[in-house]
Amino acid sequence: MSIAKSERFNPAIEVVGLRKSFGHQLALDGLDLRVETGQIAGFLGPNGSGKSTTIRILLGLLRAEAATVRVLGGDHWRDAVDLHRRIAYVPGDMNLWPNLTGGQIIDILGGLRGGANKARRDELLQRFELDPSKKARAYSKGNRQKVALVSALASDAELLILDEPTSGLDPIMEAAFRACIRDVQAQGRSVLLSSHIFAEVENLCDTVTIIRQGKTVESGTLAELRHLQRSTVSVILDDPSANLSLVPGVNELVEKGGRAVFTVADADLGAVLAVLARWKPRALVASPPSLEELFLRHYSTELAADGVSVP
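Take the position in the sequence shown, starting the count at 1, then add 49; the result is the number in this note's numbering.
It should be emphasised that the hints constitute simulated quantities derived from the structure, not laboratory data.
Among these hints, one or two may not hold up.
Beta-carbon label-pair distances, calculated as ranges [unchecked claim]: (1) K167 <-> N252: 28 to 34 Å; (2) E251 <-> N59: 21 to 27 Å; (3) A248 <-> D315: 21 to 27 Å; (4) A314 <-> E223: 32 to 38 Å.
Under the rule of at most 20 Å between Cα atoms (straight-line distance), these lysine to any residue pairs were calculated in the SDA-like manner [what the hints assert, rightly or not]: (5) K183 <-> D171; (6) K183 <-> M222; (7) K305 <-> A291.
Since the structure is predicted, the reported quantities are computational estimates derived from the model, not experimental observations.
Built from N, CA and C at the ideal position, the CB exists for glycine as well.
Take the sequences, apply the hints, and build the full model.
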């Protein structure tokens with residue numbers, strides 16, 4: 050089956066009930082994943098949770114078991130050759146041909162997808178401050194990663210699958226990467242971003258899928274995921290009559306040195322803030338749960354067993 054590149058498929062990735070085992074070891078156990086066309090989707094899970102296996106299946110390197118796996122409208126396995134021309138993949142550690150220059154490698158990788166846009170390629174080399182004339186054996190890890198990023202971003206790939214793409218990059222280059230990914234989205238292309246950098250995912254992604262032991266445990270927009278968790282409120286009250294312990298909706302109250310910190314559900318936040326306003330707080334900060342907190346909530350049992358406290 051040949052898939053016409055001009056067609057637009059929605060979703061870009063559709064995975065339902067994905068299972069994969071290696072001998073007696075079950076790596077994926079009914080995982081679900083969906084990436085809408087034109088969307089940046091975060092894919093989170095610790096080492097061993099099944100992220101890399103999922104990505105290899107999406108790339109047609111492994112065959113799925115008992116699942117629906119559609120990529121750009123095609124079957125991940127049967128249509129792998131056609132799909133590879135329309136997908137750009139960036140791994141977390143790029144192995145390059147040591148005797149070729151960075152520019153030569155970018156051109157070879159671009160040729161696999163029909164050739165890179167030269168003007169875009171040159172612009173990206175400047176943005177990532179990469180010297181394409183150096184041989185790959187002289188590159189640092191960060192520069193090897195830049196070769197992969199320039200190759201992927203200079204292509205017309207409809208779907209970018211990025212696995213720890215900023216590994217080895219400094220903060221300035223991470224910012225350049227984020228700007229480039231927003232440009233990709235503005236062009237209507239789709240991105241699956243697997244990263245251990247929570248701020249990166251939180252900053253870029255429209256949706257997030259969290260997996261645990263080969264299963265999807267949470268999926269949705271950040272606003273949807275945060276709605277399931279309490280916000281944290283920090284407040285300084287000078288009114289001696291204030292008694293936060295009696296306020297309905299206040300949870301996990303800790304008071305120290307004139308400052309009170311507690312958690313409150315979204316449904317109770319308005320009422321709690323109305324009570325606080327009567328006491329005329331000197332300072333007040335309300336913070337929704339971070340993506341890291343949402344993630345760690347699913348792994349608190351394992352971390353506690355290892356003696357690690359989870360906030």
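Quick rundown of the hints versus the structure:
The hinted window of 28 to 34 Å between K167 and N252 holds, with their beta carbons roughly 30 Å apart. The hinted window of 21 to 27 Å between E251 and N59 holds, with their beta carbons roughly 25 Å apart. With their beta carbons about 22 Å apart, A248 and D315 fall inside the hinted range of 21 to 27 Å. The beta-carbon spacing between A314 and E223, approximately 34 Å, falls within the hinted interval of 32 to 38 Å.
The straight-line distance between the Cα atoms of K183 and D171 is roughly 15 Å, inside the 20 Å bound, and the hint therefore holds. Between K183 and M222 the CA atoms are separated by roughly 19 Å; this keeps the pair inside 20 Å, and the hint holds. For the hint linking K305 to A291, the alpha-carbon distance of about 14 Å falls within 20 Å, and the restraint holds.
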